[in-house]
Structures are given as C-alpha cells and as structure tokens.
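Line by line, the protein sequences are chains A and G. When we follow my numbering, the leftmost residue of the first sequence carries the number 1, and every step to the right adds one. When we follow my numbering, the leftmost residue of the second sequence carries the number 1, and every step to the right adds one.
If you are wondering where the hints come from, they were derived from the structure by calculation, not from laboratory data. This structure is a prediction, so every number in the text was calculated from the model and none was measured. Glycine included, every Cβ here is placed at the ideal spot set by N, Cα and C. Among the clues, some could well be false.
[To be verified] A few chain A residues facing chain G, derived, Cβ under 10 angstroms:
1) Val4
2) Gly42
3) Glu72
4) Thr101
[Unchecked claim] Pairs of lysine to aspartate or glutamate residues, derived as DMTMM-like cross-links and limited to a Cα-Cα distance of at most 25 angstroms, are as follows:
5) Lys71/G with Glu103/A
6) Lys9/A with Asp104/G
7) Lys1/G with Glu103/A
8) Lys71/G with Asp26/A
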Amino acid sequence: NAGVTQTPKFQVLKTGQSMTLQCAQDMNHEYMSWYRQDPGMGLRLIHYSVGAGITDQGEVPNGYNVSRSTTEDFPLRLLSAAPSQTSVYFCASSYRGTSGTYEQYFGPGTRLTVT
Amino acid sequence: KNQVEQSPQSLIILEGKNCTLQCNYTVSPFSNLRWYKQDTGRGPVSLTIMTFSENTKSNGRYTATLDADTKQSSLHITASQLSDSASYICVVSEGNAGKSTFGDGTTLTVKP
Numbered sequence: 001n002a003g004v005t006q007t008p009k010f011q012v013l014k015t016g017q018s019m020t021l022q023c024a025q026d027m028n029h030e031y032m033s034w035y036r037q038d039p040g041m042g043l044r045l046i047h048y049s050v051g052a053g054i055t056d057q058g059e060v061p062n063g064y065n066v067s068r069s070t071t072e073d074f075p076l077r078l079l080s081a082a083p084s085q086t087s088v089y090f091c092a093s094s095y096r097g098t099s100g101t102y103e104q105y106f107g108p109g110t111r112l113t114v115t
Numbered sequence: 001k002n003q004v005e006q007s008p009q010s011l012i013i014l015e016g017k018n019c020t021l022q023c024n025y026t027v028s029p030f031s032n033l034r035w036y037k038q039d040t041g042r043g044p045v046s047l048t049i050m051t052f053s054e055n056t057k058s059n060g061r062y063t064a065t066l067d068a069d070t071k072q073s074s075l076h077i078t079a080s081q082l083s084d085s086a087s088y089i090c091v092v093s094e095g096n097a098g099k100s101t102f103g104d105g106t107t108l109t110v111k112p
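Produce the complete structure using the sequences and hints provided.
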C-alpha cells in the first residue's frame, strides 16, 4: 500500500490564483480530512469527509472547497489564493477500528507559499 | 470550546535520558486520545491511541498514560535517542474521525 499520497510537495502561487491540492489513499478508508499547519501552531481542520459524496466543514473552511467523488480521492481547492493561506497542508485518512477508535494516517504534506 | 494544551512547548535533553511530555484537554464528550510524532518536514505518525477505559499504553520506548477523570495525559520517553528529536502532538477526539482537536505540540531536541 502507498498509504496517503499528496501532490505536489511544494507549490508557489501568486495572490488570486487558484489551484487544487491532490490527496489519494489506497487503504479503502471511509474518512478523509484536510488540515493546515502554521509555524508553532497545531493542525487545524479545514474540511473532512465521512464517505464518498459527503463532505463537511472543519474549523477553518473559508477560501477552500472539497469534493469526494470516490473513496480514494479527496482534492482540496483553493479558490483565490491569499498570503494568509501560506502553510503546510496535510491530508489524512482514517478508519474505525474494532475497539471503536479511529486510527488516522497522514500524508507527507504540501508546502504552499502564496506571494 | 474544546482545547488541548501541551507542555512544555520545547524541551532539550541529553541522549540516554528520560523525559515526560504533558497534555491537558477539555474535549467533551471524550472518545480517544492519540499521541503522534512528527519529524521535521514530514506528516505526523501515530505512537499510541487510548480510549476512556485505558490508562496506559506502550509502544517501545514510548509510554502514554491517561487520566480521564482529570483530563490529563502524559507521554514518557525512556532512554532517549537522537532520532527522538521531533515534535510530539497530542490529539483528542470526540468520536467522529473529523472532530479531533490538536495540541500545538512539544518540540523535543535530543543532544549527544
């Protein structure tokens, strides 16, 4: 299994540009999430999905869109990039284990800079 | 508002020494508490996961404890190694995979 993969690893955008961060998992996990991590701060949830066709907002959803057309893919779209969106973005997938808890797996991250 | 607070913010220890990281939370209702290790430039990797009924969980030299009554957890690292240098993140979940609250992490530096 490749686990959770993210592309690209690095990206530089100009203010106002749009782009899509890709995330894919091959573990057949129901749940997928997007987080951003700013220096010295904890990960903050942007959007999440509990299954194909179902998405919901997290803590900091403004400026981002998601869709979940398949179990495997969960792309994150930046509609009009702003310098405040400079951050490292992590995608995660998780499943509900036999004990009822969720084991979460993270991708390697995408480092985004908006100038 | 659900919160997870970790202390200390950063810690420097000598190789071979033990250390303990703290995590206090106000997340309710509680489902589980997880500790992650995040190496620089990498995604977090799970170390331990504990439910309400578990008060200790080990993973090699890492031992996590949980006191659900006082809403406190600790991560103890035994006989530290240079490779333990990383950020350690405490995460508390409400039972939904999308509803987790992350601490800001403790940055551990192990020096030779």
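Hint-by-hint comparison with the structure:
A distance limit of 10 angstroms between C-beta atoms decides the matter here; for Val4/A the minimum to chain G is near 8 angstroms, and the interface restraint holds. Satisfaction of the interface hint for Gly42/A is found here, the shortest Cβ-Cβ separation to chain G being roughly 4 angstroms, below the 10 angstroms cut-off. Annotation: Glu72/A was flagged as interfacial toward chain G, and the flag is violated, the nearest CB pair being 16 angstroms apart, outside 10 angstroms. The beta carbon of Thr101/A comes within 4 angstroms of a beta carbon in chain G, closer than 10 angstroms, and the hint placing it at the interface holds.
Under the criterion of a C-alpha separation no larger than 25 angstroms, the hint pairing Lys71/G with Glu103/A is consistent with the structure, at around 21 angstroms. As the CA atoms of Lys9/A and Asp104/G are separated by approximately 23 angstroms, the hinted pair is consistent with the 25 angstroms bound. Distance check on the hinted pair: Lys1/G and Glu103/A sit about 24 angstroms apart at the alpha-carbon level, within 25 angstroms; holds. With a C-alpha separation of about 35 angstroms, the suggested pair Lys71/G and Asp26/A falls outside the 25 angstroms cut-off, and the hint is violated.
Taken one by one, the earlier hints fail for this structure at numbers 3 and 8, listed in ascending order.
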